[in-house]
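Participant: Its first residue numbered 705, the sequence shown is counted upward by one per residue in the numbering used here.
Note that these hints are calculated values from the structure, not bench results.
Quick caveat: nothing in here was measured; it's all calculated off a predicted structure.
Each computed DMTMM-like pair below joins lysine to aspartate or glutamate, with the alpha-carbon atoms no more than 25 Å apart:
no.	residue 1	residue 2
1	836	768
2	794	837
3	767	825
4	851	769
5	839	721
6	767	720
7	856	802
8	767	723
9	836	765
10	830	768
11	767	835
12	839	818
13	852	745
14	836	825
15	836	818
16	767	818
17	856	736
18	852	792
19	852	802
20	836	754
21	830	721
22	811	769
23	839	793
24	794	754
25	830	766
26	836	766
27	839	825
28	811	837
29	811	723
30	767	721
31	830	802
32	836	792
33	839	769
34	830	723
35	836	802
36	794	755
37	856	792
38	852	793
39	852	736
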Amino acid sequence: MRIYAWLRSQLLRTPDELDQRRRIVRFSRRQEGPVVFVGFEPLAQEDYTEDLICVSCIYFDDKDDCFITSVDTISLLQSLVNVTFSVEEKNRIRRNLEGFRPLTISKGRNSTADFFQLIMDFPSPKPRNIEKDLKVFPWQILSAALKKIISKYVSL
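Between the sequences and the hints, there should be enough to build the whole structure, so can you do that?
Facilitator: Here you go:
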């Protein structure tokens, strides 16, 4: 897999993004033989449609850093390799992502309740599936996580 630019460049920049504490990042893929080329760019909320590959780069005030949910990470992986993972495969991927030391965000934990609610309240594209505890990863590890998981699980 080749990523065209540095993903760290996708941190929040515009007044709307800073106010919402989220940047929607649109990904694109192109495959040549066994190599998947990945591009990305910011996308305004009003330009989002369900046929696009998008994830949320979410700012966590208490950590002064941006994060991506495990739900978005797995969804992005599926889109980039053009495969729908089984439940078992998703669980294996989650276990392998643990090496990137995610934070568990919970509604019932005082230190993360506000961040949890922020994520729950986002409109589409929703960075979560259901209202339960979430794992989030620092945005800066996304490139390494994608490469690690793709190299372990996918033979293109």
